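Q: Sequence:
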Amino acid sequence: MTKVKITTRLLTQTENGAEHIDNAFAGEMAKREDFCELHYAEGEGVKTHCVISSDRVVLKRTGALQSVMEFVNGATTVSYYKIPEGIIEMEIRTTQLEIAETPTQGKILVEYVLIMSGIEVAQNQLLIAWSE
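The sequence shown begins at 115 in my numbering and counts up one residue at a time.
Take the hints with a grain of salt, since some may be wrong.
[Claimed, not checked] Straight-line alpha carbon distances no greater than 27 Å define the calculated DSSO-like cross-link-like pairs of lysine-lysine that follow:
1. 161 / 145
2. 174 / 119
3. 145 / 117
4. 221 / 117
5. 117 / 174
Since the hints were made in silico from the structure, they are not lab data. From a predicted model like this one, the values you see are computed outputs, not experimental measurements.
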């Protein structure tokens, strides 16, 4: 594992307006033959594990909040978000997925629609970047 600086930016648009969240984390990166892994702690006991391959990104959070989100360009995937009150099932429709990597840095840009109970509730843009 290589130590990296990880930054995230989430832009969310709902019927109630827009929200913009930027974060920076110390994390680790591991390069494998067919994929790359990122590991970082978001605080409050939440750890994030991101697996990046050539055509998909899987973002898994564990701890106080748990979720698994899979992003595949042009596809709709079923995901979940687990909170103390129960499990919320959601669909993720990925409209754009861009992955750029070098041996020492990389970035992921995902644009997706969050769907709950068949209703589009948010349009999102997520940027995850890392560097040694």
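Q: Against the structure, test the hints numbered earlier, and report the numbers of the ones violated in rising order.
A: Violated hints: none at all, because every hint is consistent with the structure.
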